[in-house]
Each structure stands twice: as structure tokens, then as C-alpha cells.
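Asks: Each chain is listed here by its residues.
Protein chains: 2
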Amino acid sequence: MYSNLWLDEKVKDNGASVELNGYDEASKRVINALNELKTSKALSGLKIKASCSKVPALSDEGYRLAFENGVYTIFTNTDAALVYAVFRLINLIRLKADLKDPITEIPKNPLRMLNHWDNMDGSIERGYSGDSFFFEDNDIVINERTTDYVRAVASLGYNGVVINNVNVKGAACDLINERFIGKVKELSDLFASYGVKLYLSLNYAAPIEDETVKSADPFDEKVIAWWQKKMAYIYENIPDFAGFLVKADSEGRPGPFTYGRTQADGANMLAKAINPYGGIIIWRCFVYNCKQDWRDLKTDRARAAYDYFHDLDGEFLDNVILQIKNGPMDFQVREPVAPLFGDMSSTNQMIEFQIAQEYTGQQRHVCYLIPWFKEVLSFDTYAVGEGSNVKDIVSGKTFSRKLAGMCAVTNTGNDFNWTGHDLAAANLYGFGRLCFNPDLSSEEIAEEWIKLTFNDDTKVVSNIKTILMMSWPAYEKYNAPLGIGWMCSPAYHYGPDPDGYEYSVWGTYHKADHKYIGVERNSTGTGYSTLYREPLKTMYEKPETTPDELMLFFHRMPYDYKLKSGKTIIQHVYDTHFEGAEDVEKMNALWLELKGLVSEDSFDRVKERFDHQVWHSKEWRDVINSYFYRKTLIPDEKGRPLY
Amino acid sequence: MYSNLWLDEKVKDNGASVELNGYDEASKRVINALNELKTSKALSGLKIKASCSKVPALSDEGYRLAFENGVYTIFTNTDAALVYAVFRLINLIRLKADLKDPITEIPKNPLRMLNHWDNMDGSIERGYSGDSFFFEDNDIVINERTTDYVRAVASLGYNGVVINNVNVKGAACDLINERFIGKVKELSDLFASYGVKLYLSLNYAAPIEDETVKSADPFDEKVIAWWQKKMAYIYENIPDFAGFLVKADSEGRPGPFTYGRTQADGANMLAKAINPYGGIIIWRCFVYNCKQDWRDLKTDRARAAYDYFHDLDGEFLDNVILQIKNGPMDFQVREPVAPLFGDMSSTNQMIEFQIAQEYTGQQRHVCYLIPWFKEVLSFDTYAVGEGSNVKDIVSGKTFSRKLAGMCAVTNTGNDFNWTGHDLAAANLYGFGRLCFNPDLSSEEIAEEWIKLTFNDDTKVVSNIKTILMMSWPAYEKYNAPLGIGWMCSPAYHYGPDPDGYEYSVWGTYHKADHKYIGVERNSTGTGYSTLYREPLKTMYEKPETTPDELMLFFHRMPYDYKLKSGKTIIQHVYDTHFEGAEDVEKMNALWLELKGLVSEDSFDRVKERFDHQVWHSKEWRDVINSYFYRKTLIPDEKGRPLY
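Protein chains in written order, with my numbering: chain A, 1 to 643; chain B, 1 to 643.
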């Protein structure tokens, strides 16, 4: 059993009159789209006409929707776009849009992807919603839920899914071998029937296991031949296979560095092998020294991706795309935007977000991440002068790249509600919408999702929207302050542990002492701030011009430094932590008002999560505040309890 | 494959002439003892005569050994004592004792036990030497290794072994049911054949699972009847079964508190049920609130065992014995002696140590614990005036208790060398010797063990003895200072994490701030110090009279307080941490000198552990020192690096 997410209720036959013109009726996408049109409760009795008209402006994935002369009309150029269009039409009707003014929507991002970190034993790395629905006991599972998942992601216009964890081990190595290739093909066909491409994560070190190769050196002829043969085998079995995601030289995964080669050498070797078949290689930039000595003050993990990739601009083949995490560290609740964005004008780039709430409450805390992603996307990199926003760089617009886009590590699992916390589904929904159109506002997306998921009762919409919009700022308030990050328990990444990472190998230190906290990252420190273009470089150079929310990311500061807000750092810590926990009380109260207005099951599930969050946000508040108080012995101006 | 521990090499027939008088030749113990006499290499060609002579002074477990008229003679009163005597004779001859002056040895402690925390899936809770050799895949294993284990512990005079973890779950619940009772009987018989009794840990909550009972209330007639029936069943199958160890109301285990009953109510209910068969109930006093709010300054875990048990003196039945951990907390490298010892004159008490190095380096660091146990055992409780040492209380002497003794959580597992670190076997050996005779010195025991395990080369004996004697003090130096404990990583209990327990539920806080560290436990604080008798109470009341090594256990102190050593607390921290790491370098150097003088395998294994310890002791040094430095910003007087 599992919930229906935001999808429309199905009826046996909705009596809609549907006319399809110009589509290949044998196409599975068309069959699926037609089926949606015929069974959507929202479309009951309506007249619908969909036409495959070559309208260049719509390109491959766009659609035009209208209500003309009593008929709902759909125009697309492809059958894949028809799938997206149908779902969008259904949603718009459910949202009571009248469509008297036709709308044309074309996805802004070529790649709109979800990355699953699902392991073949059924576990999910950083999964907070139960086990995998793709894998169980080292086998692939294909059942009703698989279809409903693909249908749900297609309904938002996602066009690619990586089904397995980037850390490819054990049985997952066999996804490209005889053992599983048949089932991968079956899954890939199912995905394709909704206009979604299936990708796999790949074990870069795979040929090492082959007794006749025993290497993964990208310059080794045997290695090159091994991959050529492997790609031929894959495409023989799955002719429309999309490509691979690769994590190499990262957190213990082998890669080209092992052989003294560059990241480009590694990526290009694979890209050449897959190129004859039209596949792509998505190469992650999450490369850093994960065995740092904490006493080493010179190495700065924040610089790593930049330092490893910056000089390689122009060296990557056209069917390689770099996948860059939004920030320079690792999905913290607040980080600057990674300086690599816009830094490489001759290299394909896409952005990687994480809707799995690894560091943002693990789907036990509500944390609507779309406002945070919006901030990142609208960040001006000044790559080609003012207005070089991240969203235009990753969409390919700025540097006219065809291979470009956005992806997120997903938050789904086998739980009844798919995402652990019912409200976490807003991130799965919202991220899909954002990939399609980064200009949508967080509020708009939230409202759509609430209405499609719950109902359009004014209180329901208003309260849940308020909860969602409060949630990320609240989480930031009661967590590590001012961009410093990493004050959570190591390994679990959950719950407060201010010194948890302080003496470890992870390169994530705050170095707090009695007087100061933070690592100096300007030109006198690690130089990280100098990796940005002007005027950012100058802005981040000095505390006076650095935005408050990133103060402790960029600078080592005394606790009594006055922020632009007029508060000292220490008082800011106290105030935000008390506020954050109060915000959770408010969100909880707003939810409790919805009893009887949303389904009882959903109400109870969210209530239970809030019970935990109310308690846990106070743990965060008291631990962080006490940590700072004990270190400084500076009392709270308002005399609230510190321990 | 596994090593031979300290046991003598066996030969097919040593040609010794052996005469046994007065023993029951059908007794398995006698058969085993005779076999040892006939196959011990050390006894080759010697004349031995063993007599079962009723010498009241030897009691049940003592023996007299002598060399008279060219014949080695053994006197014992029982066949169990014959086993201990034979092994002792062999060892004495291997150690080149001449026995011209007869020696009489009678174990000082009635109970001399090892507690295994082995789970039936084969894992060992806090096990650092591989998996269990008693259990595998939820079944009991009996093989050659089982026999060699029993032989090894019998050779030291241990007379009881609890084979399963005190946390009794899953399959382990069936150890007293039809599923396993046959194999338990088989194991018990094997143990008995070496004069060792087999005990089981028991699930106090077992009758809850019975649909007709559904309770564990010790006052519930159904519960009482359930246990009576269960004991009858057990003794029908294993007539000489020794008894049970019980962990109740502790760390999530249910117990009498669940039903508003006292610990005595719970223990006595079981004791009554087992009494008709001569069995005993060993009741652990490790009862405390493991869900403490860290903000709560009033609750003091150190008081818990005392507070829960103190008033129950005289209420426990004669076949109940309380098993009390050496300190009030949990096997830290330094704690005061638990105030419960000697506090209950009308209650059987035994002491629980831990040779599994849970908090003392997990058998990756060398840590010879006998000197620490000796300190505890010679601690004067003043229970009946000066000289009321712990060793006399737990041996039953002070209060004339027959049921009394010592036990240790054991450090054994399926590793080749049984104890992970070759040198950790000194604790298994040493603890057995200490149970037999707490007056032996740590050095004596170490020397015996070295000669029996390695050889009697002067350098071997001298270097290893120096290593062993340096090891516990070194570990204390580079760990949490001055008795404060718990600066290790939670869950793993390994490696430094100064604030790891600070904001948790475990009741183990140091509350360090910029100026002070520690919890005040005197009469103005939690009152813990008042639980001791005079003059201890007065001594622990004030820092001036509190021993330096326990300063931060008893008092909240400023970092610049001058210890009796003349050093400030902060300088003491720095100095000891530098010294501790240097001590490890010294121990390592002493070991490296032994290349070629001990077996190559053993040399390499220990070398590898030292490689780790050398590095890890520096981690401890730098993390603890940096933690204190960052908190205080007080520099090291000697200007050594702090981070």
C-alpha cells in the first residue's frame, strides 16, 4: 500500500471525448497519455484534442495548452512531450485554471533528473522513507509501484532517473552484465513509456576486477577496449540507453587520480566508448581529500572541486557533463554557491541538489527546500557580467550548451507516503516543477502541491503554505549558525553535535575557541573567496561586506562582532535558536488546526513527526546555545536559560 | 586455528609416573587431570602422586603441592581441586619453582567467574577479538576450541562462566527451552569436567511472552508459577546447573521496577524458584536512568546503584548475590570505588570488572588492567573500621558471607590469539590469578604470564613486563583527565570525543565551560561523596583532600586550580597527554627490540597494534589538549603544539 502523491484520482472511464492527431498510436507514450486522458477524474466529460503539429517554438519537450470552442487542446511536437502535457492539463484543470488564455510551457532545463542512492540489497544511502522500491535482496523489483513512481515523476516533467547509488558495489556492478541487463531493459522500457530516461551509476573501477585487465587507467588500451566492448554489449541489449553517472576519486571510490590522470582523462575515456550510441557521461565533481588531518589548516575542502576541475575547461568531450553540488561542501542548510558554476565556459555543467534531507532534518523535520534552491539558482556568478545567474548557466543558456540541467538526490522510498514525512513530498514535486521552470515562485509551487495533494480549503492551503515557507528558515535558525555548517552528529548527520566533526578527517572544521570561531577563507586565509569573480571576490573578502548568513563560512570571527543586523554573533546565535524552536511550535500549531480538514491518516502521520520536531528543535536550540555559552560565558541579553 | 594461550605444550606420552589415590577414577575431572599429567611436556619423566586426603584446611578448592623424596605430590579434597592443582603444578614446574618448600593455595574468592557478552548470532557485545566461539547463526557450537577454552580457564582456577550476553534477546531466550537445553547440558557437562560451572544470563521478562502469563511482576502468582515450572524443567535436564545472571531494569531491559516492585522482590522471586535445586541468582546492580535529560543537574548517575540498593540490605535471600561494578559509572579508565561495597553487611556481594577493553583501548591499545584492579581491591571502605578492603568484602571475609567473589566481562573471541591483542591475554590470565589470590602483585602475575606465554629470556620478560606495567598508566594519561571519564566517542566507546556524551541521555557529563569543568559531587552538589563512610566522606568533600587522580570526578574545578602535584589542572592535562603519547613510543620501542626473541607471528601482530596505538595515542593527545586549549586559551607552559 502506498499513497497517490499528487496524482489525479482514476475512474474506470471518465467519458471524456479524446481525439489524437498525428501521433504514432503504437507508441507506448501515446498509449499511456491516452489512458490518462480517459481515466482522469478531473477530465470527466470534457472534450480534449491533442495534436502532434510541428511547431518549432515548442521544441521537443514543450507543449501548448488551451481551451478553445469548448475543447481542451494540446499541441506538442513529440510523444514524450504529450505525456508531460497531459499531466499538466489534468493538474491545471484540477487547479481550476480556465485556459482561456492559452499557455505554452517549454522546459528550461534540458536535463531534469532524479538521482537515487538505492543499493541493491534494498537499503538506501541517506534514505529516510523506508527501503528501495527498485531493489530488494540484490535483485531488481518491477511492480505496480514502479509504474506509479514513473508516472508521478513524468507528471512533473522529470526526464531522467539514475536508479542506483553512486557508490556502486556488489550486485550493482552486475547491472551492466548478463545477470541484470534483461531487467534493466524492462525497467528502461517502462521509464521510456512515460518519457523518462533511465540512467545507471557506474563503477569506474569495474575493469580492475577483470583478470585480463586488472586496471582502470583511462590510458590503458585494455581498459579502453574493455569499456568499448561493455558499451557495445549494453546498447545491443538496450538500444535507447541514456547514459551513466560516475562518482570517481571520491570518498574511497577509485578514479583516474589513482593512475595519475586527470578527471577529464577519466570522463573522456568513458565518453568516447559510449559516444557511438548517443549516450552521455555525467561526471560528479564531488572530489576532495576525505582523509584530511584536522591539524592541517592549509587544506580547504571548500576549494577542492574548483581546484580539481577549474583548469580542465574545454578538455571534456561534448557528451560529458559535470555534475556540481550546489555548494562547495555537502548539502548543508546554508552554504555559498559553488564557485565552479559559470567558471568553465567550454564545459557542460549541471547542478546537483539534494531533496533527500540528509543534513536538513531527514524527513522527520519539515524542511521545504525550494526557497533555498531558488536562492541558489538566482545567485549571480558574474560569469559574463551582471545577471549571469546560476539558473541560466545550468540551463545551458549562458554558454549555449545543449547538455545542461538540474538534478536532485531524491527523497523517496518504500514508505506508504513515499517520502517519510508527508510534507516532504512537496520537495519531490517542487523540484520537478523547478527543473521545468526555475522562475516559478516557491509559494506558487507550494500552493499547487497543497491543492493537488490535500484540497483547496482556504485554511488548508494557507496553513500548509505557511508551514512550508517557514520550515527551511526555521531549520537554519536552530541549526549551525551563519553558514558554518557541520554541527550535526557525524555518520548519522542528524541531531546536534557541535564538535562532532572537529577532530575528524572530513575537512569540515569550525575551530571554535574561547574567542573566535570559523576558518578564514579570504585571501589572507585559504583563498577560497578569491575563486569567485568580481564583485563577489571583493564582497567575500571582508566581514563588513559579507552577507550575515555566510559570515562564519567565510571568516574567522570574534563572538562579539556586530553583524549587519546590529546584533553580535553570539546574540544572533542565541536569538535565532530560540526563534527557530518557537517557529516549530508555530508550525505545529498550524498543523493541529487542520484536524478534520485533511485526511485523518495524513493528519496523524504529520502530527507524529511534529511531536518529534518540537522536541528535537529544542535539543538543537539548547545544545547549540549551551555549546556557545560554555565556550564564551557571554550571557544571553534576554536572560533565557542556557545550560 | 588458534593459539595455545599460556598452556603447556602437549606430548603424546611424557613418560611421567602418575599415581592417583582416593579419587573416583570414573570422574571426568580426574580423567582430564590425569590426561594433563600424562601429556604435559613440562612433566616429562617426573614422578607425581596425587591424593584425595581429607585435609580440612584445604577446603573444597585448595591444594597442597610439594616435592618430597623425588616425587611431586598433590593433595586436594575434591576432584575439582585436582584439576586446578594439576595445572598449577605444571605451571610451577615450567616456571622453575623447586617446590622443596611445599605450597598450599586455597582460592580466596568462592566465585571466580567470567561473563561472556556473546550473542547467539555470533556477535559479541563489546567484543574486540572476533566473533563468539560459543554461538554461531543462532546455534550453540561445541568443538575443539570449546574444550581448549574451558581447559585454559580451569588452568587458572576460574570456577564459573556465564556463556551468554546479559542482554538476552531472540534465540538466547531459548537457551532454557527445548530448542537448546540439550546442547546447554552438553556444554555444561564439558565445563564440569574441568571443574567449571556453566551459568546463563536470563531474560527477566521471559514470562511476558507467554500468552497465559503476559507479565513479569514478581508478585504475580502466574509469574511465580511460570518460573517454578521453568526451573523444574531446567534441573530435570541439567541437574547440576549453577544458576543465572540477571540484568533487569537496566538500559532498556525490563525488571521489577516496571511493576512497582523493588530489586529484592525481583531477585527473590527467581531465587525462591531456583532454591530447591541449589542454584543461585546473580543480580546486577547496574541500574540507572539511561534516559536522563542532560539539562538536569540534580540526577547523578554515580549515585544510582547505591540509591536503588542501599535500603534493601538484609532483604535478599541467601542464594542471591549482587554483582556490583567496580566503579559507580561504567568501567572507565579511572573511577572511584563504588560506595555500595561494604555498605550492605547482610547481603551477598561480588565485584564485576571488565577485561574486555571497552573503554580502555578495545584490545587495539595495550592496557594491562591488573594494576588497576589491584588498586580497587585494596581500597579501604572502612566498612567495619580501618582495613575493610574491597578484596575482603567481595571474598566474603569481612561479613562472613559464603556466596561472594569476583567476575570479569571477558575479552575473548574467535581470533587466532583469542584476545585480539596478544598482550590482552595477560588480562585473562591475570584476572584468573587475581580471583584465586588477590594478594599476588601485578608484576608477579605479569612475569608468570610472560614466561608461560613467550619464554623466559631476560629481555623478553623485562621488556614485556615494562610494557604491561606502563600500559594502563599511559592509557589513563592520554585519555580523559583526572577521573572525569567519558571523553570517548559515544556508541563505539573508542577514540577521543571530548563533548561526545555532553548533550546525551547517559548521565555522564563534564559540563566544561571556559572557566570550570566537572560536576560537584560533594555535600553541596549531588551528595555522592557523602555515600562513603568516614574518613572517606570527609576526604572527598574538599578538593584539598581529594586525591588528584579523582579531582574532576568529585569536584567542579577551575582550570587554574593547583593540584597536590603543584601543577595546575590545565598544565596537568597538557603534561599527561604529551607524556602518555611518549609512553606509547617507549612501549613500542621496547616491543621492537624483541624481534627474533618471540615468535615472528606474535611479534608482527603486536607490532601492527602498536603502529595503530602510536598514531591513535597522538590523536587522543592532540584532541584532548586542543579541546582544553580552545576552551581556556591557556597556553602550554612548555610551548608544545596545541591546535
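These are computed hints drawn from the structure, not numbers from a lab. A hint or two may mislead.
One copy or any two copies: either way a pair holds, since identical chains are not told apart in the list.
Unchecked claim - The calculated lysine to aspartate or glutamate pairs, modelled on DMTMM-like cross-linking and capped at a C-alpha distance of 20 Å, are: (1) K515 <-> D560; (2) K230 <-> D60; (3) K47 <-> D604; (4) K291 <-> E600; (5) K402 <-> E25; (6) K451 <-> E315; (7) K28 <-> E619; (8) K515 <-> D636; (9) K291 <-> D24; (10) K586 <-> E608; (11) K564 <-> E236; (12) K618 <-> D293; (13) K374 <-> E448; (14) K562 <-> D148; (15) K325 <-> E335.
Asks: State for each hint whether it applies.
Replies: A quick look at each hint next to the structure:
1. Taking identical chains as interchangeable, the C-alpha atoms of K515 and D560 lie at most 20 Å apart whether they share a chain (9 Å) or sit on different chains (18 Å).
2. Proximity of K230 and D60 under a CA criterion of 20 Å is satisfied in neither setting, with 30 Å inside one chain copy and 75 Å between copies.
3. When the C-alpha separation of K47 and D604 is checked against a cutoff of 20 Å, the pair qualifies neither within a copy, at 39 Å, nor between copies, at 82 Å.
4. In this assembly of identical chains, K291 and E600 lie within 20 Å of each other by CA distance neither inside one copy nor across copies; the values are 49 Å within and 32 Å between.
5. With identical chains, the CA atoms of K402 and E25 are never at most 20 Å apart, being 30 Å at best within one copy and 92 Å at best between copies.
6. Taking the shortest alpha-carbon separations for K451 and E315, neither the intra-copy value of 47 Å nor the inter-copy value of 67 Å comes in at or below 20 Å.
7. Neither within a single protomer nor between protomers do K28 and E619 lie at most 20 Å apart by alpha-carbon distance, with minima of 52 Å and 61 Å respectively.
8. For a Cα distance limit of 20 Å, the shortest separation of K515 from D636 qualifies both inside one copy, at 16 Å, and across copies, at 17 Å.
9. Taking the shortest Cα distances, K291 and D24 never come within 20 Å of each other, neither inside one copy (55 Å) nor across copies (65 Å).
10. Only within a single protomer do K586 and E608 lie at most 20 Å apart by alpha-carbon distance; the minimum there is 15 Å, versus 56 Å between protomers.
11. Taking CA atoms no more than 20 Å apart as the test, K564 paired with E236 passes in neither setting, with 61 Å inside one copy and 81 Å between copies.
12. Taking CA atoms no more than 20 Å apart as the test, K618 paired with D293 passes between copies only; the shortest distance there is 12 Å, against 33 Å inside one copy.
13. In this assembly of identical chains, the alpha carbons of K374 and E448 lie at most 20 Å apart only when taken from the same copy (17 Å versus 72 Å across copies).
14. Taking the shortest alpha-carbon separations for K562 and D148, neither the intra-copy value of 53 Å nor the inter-copy value of 70 Å comes in at or below 20 Å.
15. With identical chains, the CA atoms of K325 and E335 are at most 20 Å apart within one copy only, with a shortest distance of 11 Å there and 48 Å across copies.
In this structure, the earlier hints numbered 2, 3, 4, 5, 6, 7, 9, 11, 14 are contradicted, and the remaining ones agree with it.
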